[in-house]
Amino acid sequence: MSVVDSPATRRPNDPGRSQQHRAPGHAKPKRRSRESGRTPWLLALPALVLIAGLLGYPLVRMVVLSFQNMRLRELLSGRTPPWVGFDQYTKVLGDGVFWSVVGRTVAFTFVSVLISVLFGLGIALLMRRVSRGVRLFMVVAMMFVWALPQLVAAQIFRWMTDSDFGVVNYLIDKLPGVDYQNHSWFVNPWQGWSVITTLVVWAGIPFLAITLNAGLTQVPKELLEAATVDGATPWQALRNIILPILKPLIMIVTTLSVIWNFGLFTQAWVLRDGHPEPQFQTLATYSYTQAFGQSRYSLGSAIAVITVLLMLGVMIFYIRQMFRIGEVD
Amino acid sequence: MTTIAKTPSTTARSAGRPPEPKRDLKIATGLSHVALVAWALITAGPLLWVLLASFKSNTEIFLGKPFALPNEFSFSTYANAWSDAHIGRYFINSVFVVVISTAGTMLLGAMAAYVLARYKFPGNRAIYYLFVSGLAFPTFMALAPLFYILKGIGLLGSFTGLILVYIAYSLPFTIFFLAAFFKSLPYEIEEAATVDGASHVRKFFQIMMPMARSGLVSITIFNIVGQWNQYLLPVVIMSGPGADQKLLLTQGIAQISVSAGYQAEWSTLFAALVLTILPMIIVYAIFQRQIQAGLTAGAVK
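Protein chains in written order, with UniProt numbering: chain W, 1 to 329; chain F, 1 to 301.
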């Protein structure tokens, strides 16, 4: 901190010094003004190069690939694959399987984000009411889950729902009159998807709750007290005071959750043992299986491009809002 | 689950009734506690189960008493995982990669975010949007082209390649949050430094970085967690000849769980799972205070 303070504190005490600095003529400010044109670029350049090279270029390549027909033969021989125009796209868009995957992914994203945000907000609100000790306990429990790699979390859930040795079957079987021994959770797609959704929500809530709880500390206490004195019910206080203040933060975390859950891959992949059945395919796993499993690299790319466009189409408004909030002008 | 769902409405109703406000408030607070503790148990339950299973032998795991204590607390499963299943090597690989790439992400991300937040120059907005639009793309989209690019420049299956990719994929989020953070910092001190003749680079490292400490710490944690969790990127990048020595922890776990089906080494898998969580617990223990402060500060913006 002393480093931070020293220039500011030195200045008023020692006015002669700064004048001396300016005295030797125009050379110094001039050099600096030229430098100020370049330095910002230099500081941003390394990040720019990395993103352009490893994130931007792959995306461009992906778009290009989707207009070609890259198969295993072209891949091995290194020849330029033939151009096929919009063929891959018409193939994908004309495929009923693709649309059912889209519907499934959208439905899953909607349900999982809705549940996570509602629970996250509820837990964040409850955390304001409890004592310090309990709150700390909560944060620690949530940090553990947050820090758990998706793969590990998915492995844990796979084991818990294992038909022969899973702890979930064991517990449900204990209920009177229920026979859940050797029950398989992934025969019925509804049950399978509720396992996947539970996993995603379980793993997603900590980030939401911790962030929203931090945001709640920004709601002025006096405002809430004044509202209570004026006879507002807690529900009114929530709707008219807390939510409006929290709105930008809720929007950011909701948008991020949608982006993350829309790209669901690892969880479905692991729970289905690397071979998701058709009813457990999401856009991400579908694109991946087409590209790498079936060696239809161009088809996979076309699916990926359509996925981005779909998401941007639905989300563009929110994403723009998020960026604008992030800018804080 | 039902307890949690019910509690907010019950608390709201009971707290809103005018008579006997004190007793009602107590009930409401009590219910909040019960609901939260129940939820914390649901949250932590699976982790406790894994911890128990990691000390058990294979036969005990299959005995059908998931919450029974193991016969003896031996660390032999851990030793097995560490050496026989090569988890030790993968663990060190993971730590190495994450340490370097998080440091790189923070350095490059902070520099870029600082410039974008505090300097006006042509192209500023365009670059900012270019950076943060990376947020909108799920990782799997770029996997296939990424594979060919790295193959083309000879970085496939190398730590250098993986680290660079980790940095590139962490930058959008880092820049998005840090730019907002740098904008919220006061301008006066920086101006004073300019008057005193500090260079841009010096201002950045000696004034802005220390001021932005809480924001930097919370995003660092976020990046450590995010990069430690990566699975898909290493699977694609760490392939090719000689890559089996350079696998990461998550890949090692996937490997055990595939081979465990044949060799029946499930206890090893659980021990490996615990070993994966361990470093995150240590990170959390060290930075606990800063995480709380940083998250709050980050949310103010």
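It is worth saying that the hints were derived from the structure and are not from the lab.
Glycine is no exception: its CB is placed at the ideal position from the N, C-alpha and C atoms.
Be careful, since some hints might not be right.
[As the list claims (entries may be wrong)] Only pairs whose alpha carbons sit at most 20 Å apart, straight line, appear in this in silico SDA-like list of lysine to any residue:
| # | chain 1 | residue 1 | chain 2 | residue 2 |
| --- | --- | --- | --- | --- |
| 1 | F | K120 | W | L76 |
| 2 | F | K183 | W | L249 |
| 3 | F | K151 | W | L76 |
| 4 | F | K120 | W | L42 |
| 5 | F | K183 | F | R213 |
| 6 | W | K247 | W | V229 |
| 7 | F | K183 | W | S295 |
| 8 | F | K151 | W | S295 |
| 9 | F | K246 | F | D84 |
| 10 | F | K151 | W | G56 |
| 11 | F | K183 | W | T39 |
| 12 | F | K151 | W | Y57 |
[Claimed, not checked] If you anchor each label on the Cβ, the simulated ranges turn out as follows:
| # | chain 1 | residue 1 | chain 2 | residue 2 | range |
| --- | --- | --- | --- | --- | --- |
| 13 | F | G123 | W | L171 | 55 to 63 Å |
| 14 | F | I100 | W | P220 | 39 to 47 Å |
| 15 | F | A68 | W | V178 | 19 to 27 Å |
| 16 | F | V34 | W | L75 | 53 to 61 Å |
| 17 | W | W83 | F | S199 | 31 to 39 Å |
| 18 | W | W99 | F | S76 | 25 to 33 Å |
| 19 | W | P220 | F | G30 | 21 to 29 Å |
| 20 | W | W83 | F | N124 | 19 to 27 Å |
| 21 | F | S239 | W | W83 | 25 to 33 Å |
| 22 | W | E74 | F | P241 | 36 to 44 Å |
| 23 | F | T59 | W | S77 | 36 to 44 Å |
[Claimed, not checked] Here are some chain F residues pointing at chain W (derived, C-beta under 7 Å):
| # | residue |
| --- | --- |
| 24 | T29 |
| 25 | T43 |
| 26 | G45 |
| 27 | N80 |
| 28 | L108 |
| 29 | Y231 |
- Can you list which hints this structure breaks, lowest number first? 1, 6, 7, 17, 18, 20, 22, 23, 26 and 27
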